[in-house]
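Asks: Residue strings, one per chain:
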Amino acid sequence: MATLKVNGKPVEVDVDASTPLLWVLREQLGLTGTKYSCGIGICGSCTVHIDGAAVRACTLPVSEVNPNQEIVTIEGLSANNDHPVQRAWAELDVPQCGYCQPGIIMTAAALLAENPRPSDADIDAGVTNICRCGTFNRVRQGIHLAAELKQNGGAS
Amino acid sequence: MSADPITVSRREFLIRSTAAGAGFALGLTLPALGCNAVAAEDAAGGADEVPEVNAWVVIHPDDTVVIRIARSEMGQGTLTGLAQLVAEELMCDWSKVTTEYPTPGENLRRDRVWGSFSTGGSRGIRESEAYVRKGGAVARQMLIQAAAEAWDVPMDACTAADSVITHTPSGRTTTYGKVAKAAAELWPPEHVALKDPADWQLIGKPVKRLDTVDKLHGKQVYGTDLVLPGMLNAAIKACPVFTGKVESFDADKVRSMPGVRAVVAVGDNAVAVVADTWWQAKTALDALPISWDKGPHADLSSADIDKMLDEGLTSDEQVFVGNAGGDARQGLADAAQTIEAVYAYPYQNHATMEPMNATAVWTEDRCEVWCPTQDGMAALEAAADAAGLPIEQCDVHKLHLGGGFGRRGAFHDFVTQAVSIAKQLPGTPVKLLWTREEDMAHGHYHPITKCRLVGGLDENGDLAALHVRISGQSILAAVRPGWMAEDGADPVTFQGFHADGDHAISYSVPNLLVEHAMRNPPVPPGFWRGVNINQNAIYLECFIDELAQAAGKDPLDFRRKLMADHPKSLAVLEAVADKAGWGQAAADGVHRGLAVVKTFGSYVAACAEVSVDGGEVKVHRIIAATDPGYAVNPQQIEAQVEGSFVYGLSALFHGECTLEDGAVVQSNFHDYPSMQLKDMPKVEVIVMPSGGFWGGIGEPTIAVAAPAVLNAIFAATGKRVRRVPLKHQDLS
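These protein sequence lines are chains P and U, in that order. Oh and the first sequence: position 67 is 67 in the working numbering, straight run, nothing missing. Oh and the second sequence: position 523 is 523 in the working numbering, straight run, nothing missing.
Hints listed in this document are in silico derivations from the structure and should not be mistaken for laboratory results. You may find that some hints are simply not true.
Unchecked claim - Pairs of lysine-lysine residues, derived as DSSO-like cross-links and limited to a Cα-Cα distance of at most 27 Å, are as follows:
id, chain 1, residue 1, chain 2, residue 2
1, U, K134, U, K181
2, U, K219, P, K5
3, U, K219, U, K208
4, P, K9, U, K219
5, U, K307, U, K727
6, U, K682, U, K727
Using the sequences plus the hints, can you model the full thing?
Replies: Spelled out as C-alpha cells, the structure:
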C-alpha cells in the first residue's frame, strides 16, 4: 500500500513497492496521459512533476515517492487546460502524433517555472525528450511563446 | 485493480453480439474513443438522431458536421487535410467540423463505400482527393435540394455557404442542420461538378489541425491507453532470432506472482503473460524461464549480410534492370574520365514512440479489436485470420497512432498476437503491449542495401554515362510478392531511378543503366517512411556531387545541365539555391550541400548548411522546397517537412540495426538514439504548388535531408561519407 498526492489529491494504491510511478499513474489511477515509450528514462514520454521538478516516472519506484510530495501529471497541469505551455502549443499546432507531447509539455512547464525566459541554449539543455515525428522547432517556438504568455499574465 | 474506463468525452456504444455464454453476449458497454470511433449503428444508417447525408458526411441538428475519414491519423495531419477536402465542396462552417473513423467492418458491410483505408506511401490525400471531394459535393447538392423542395423553389435559385442555404431571390435561409434529415432521404445526384481550384476557399488555407486539443491535456486515447471493463493486460516475448520458435517455457515458475492470470503460447514463436496490470504481466514475463529453438539463422551476423551484399555489387545472378537508356557500358568505355564509388545503407527500426499494441476480445462467434493501425482493412483481415472467424463476424476500431512511419501498415503481427491471446481467454478483453525492447527486436526493418555507381564524363566534363548497381534486400519479395514485376523484379527498389512516374529520376543521362541484384537476408524488411528513396537519394545525389567535383564543376551547374527536361525538379532546386544564396559565401566555417528528388509524386529539394568542427557535425539550417501540385494545408506541410528532417537526420546520424547471433543487437533508445531538440537545424520551408497534379507530403523531403547534409560535409571537410550512419565516420 502506498499513499501518494497526485494532482492535489491524496490517493492510496495497493501495489508492489517496486512498481514504477508511471504504471501506478496509468494502471491504478487511470491517468493515462503520462506515456510509456522506452521504460529506461531516456525518451521523456513519462515526464511528470514532483514538487515542481520534471521527473521521468518510468524508472522511479513508487516506494521512493514520499506521501507529501506533490505529483502533477498532464491531467493536473492546469485547471482549464490553459497553462501557458498548453495555450502556446494550441496556438502553434505543435503536436503531430502527439504521443510524446504530454512529456514534452510537462518538461517545458517545469523549465519555465524555473527559468521564466529561457534562451535557446537553455531550451537545448532542458528539453532532451525524443519525438520521432520531429516537432522540435515548434516546441522551441512554443516555449518562447509560453514564456511571453506567462509574462503577460497567463494562468498558472 | 484496473482503472475505470477512460473518462473522455464520448458516446458510448454497444457491441452487439449473439454470443452465447460470455458476458460479452450481454452487451458489453465499451467506451468510444474521443472523436474517432463511429458506432456501427450510426454508420449502418440507423440515423435516428444524426442524419447521415452520405457516407462521408453526417450533420447534427445543431449544424455540427461530422466528416468520416477512412485513412489513419498518425501525426501527418491527414485527418485535417481530408476534412478540408470534403468541407471545401460541402461548403460547411469549418468551425463546426469534427471527424470520425468508420470501422473497416462497416466498410465491408457497405460494399467498401469508403474506399481504401491504407495510410502509407504519402497517398492519403493524393489517392482519395477526387472521391472525398465528390462526397462533399454530393452532400451539398442533397442539402440544397432538400431546402429547395421544402421551399418549393428551383434548386438553382439556391446557394450554400458556411452551412447556410440561401434562396437568393427571396433571401430566405435555412441551415444544413435543419435540412439534413430530409436530405438524407434523397437519392444522391449522379453527377456533380467539383470546384475549380481557383475557387477554393479552404483547400490551401493553413487551418489549425482538428486533433490538437486532446493531445495537449492527456485526453487523446492511444491504443496503449485503452481500458475496457474487465480487461486484462498482456506482455509478450517472441524468439529473438527471426524464424526461431519457442522450445519450452515453465509457467509454474510465475503463475503465483502477483496479478498473473495466464501464461500462454502465442503462435509458435512467442509467449505471453496475462495479468491484472501490464506491469505485473511484464514483471512475470521477465521472470519466466523460456528456452528457444533458434532455428537455422542462429548464427547470422551483420558481417554475413555484408558479404552477401558485396557479392551482389558485381554478380550476374538475380539481377534486374530498373531503368536503361542508351548504352551505359559502351558510354563508360568511351568516357574521357570514369569515377566509381560504393555506398552502403543499414537496417533501421521505425521506433514509433508508441510501442506496438492491440486490444482484443474474442468469443466463439465474434472478435473485436482496438488498435492503432495504418490500414484498418488489413488489421481486420489479420484479426479474422487469427480469430478463425468469418471476417463479417469481426471488426476493428481504430485509434490515433502514436507514430506509424510504415510499421503499422503492412504488418499487423501485434493484432495477430493480441487475438491469439484473447482467444485463449474467451470473452475477456486483453490488451497486449510490447516493451520497447520487443519493438526493437521484432521490427520490419528499413531494408539494407549497398550501391556501386560508375559514372563517365565526356571531354567537356558532362555526364555521358551512369551505371548504378544496387545490391540488397527487396521489400516486396518479403511483404508483397504479388506486387512484383513479371520477371521477379521489385520496382520499389528503384524509387528515384525510374524513367517516369511518381519516383522518376530528375536527370536525363544519355547512357543509363540502373540494376538491382536482389539479395534477401533472413531479416524481415518493411516500408519505412520514405522507403527506398532514403538510400537511393543518398546514392544518386552524393554521387552526382562526386561527379561534379571530378568534372571541376559547381554542383548546381552540373545538375542544371542534366535537368533541361525536368523543369519542375529544376524549379525546386533553384528555389532552395536562391534562398540559400548559393554561389555566395556562407557564414564563416559554414558549408552548403544540395539534393533534389522527385518522389511520391512531389518535387522536392534541399540546401543544407553545415559546419564540422573537430569532427563534430553541426547542421545549422536546411532550406527545403516542395512542389506537391496542390498544397492542401501549407502550415501542416511545413510541419511535415520539419518532421521528416528529424526522421531523416536521426537515420543519418544514428540509425542502424545490426545482427549478432541471429538477433538485432540494439534494444532501446540508448543504443538506437534519435535526434534531440538541441541538434535540430533551423528549417525554412518553401511550398511552391504548381498545380495540375497531387503529390505526397509526409515522405518526400525525408529523402533530401541526408544527401544535402552529406554533400555539405564534403564541402566542409573534403571527405566523402559513403556509409551511414555518420557515427562510423571520423570527420576530424
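Asks: Where does the structure disagree with the numbered hints, that is, which hint numbers, in rising order?
Replies: Going through the list in order, the structure violates no hint and respects every one.
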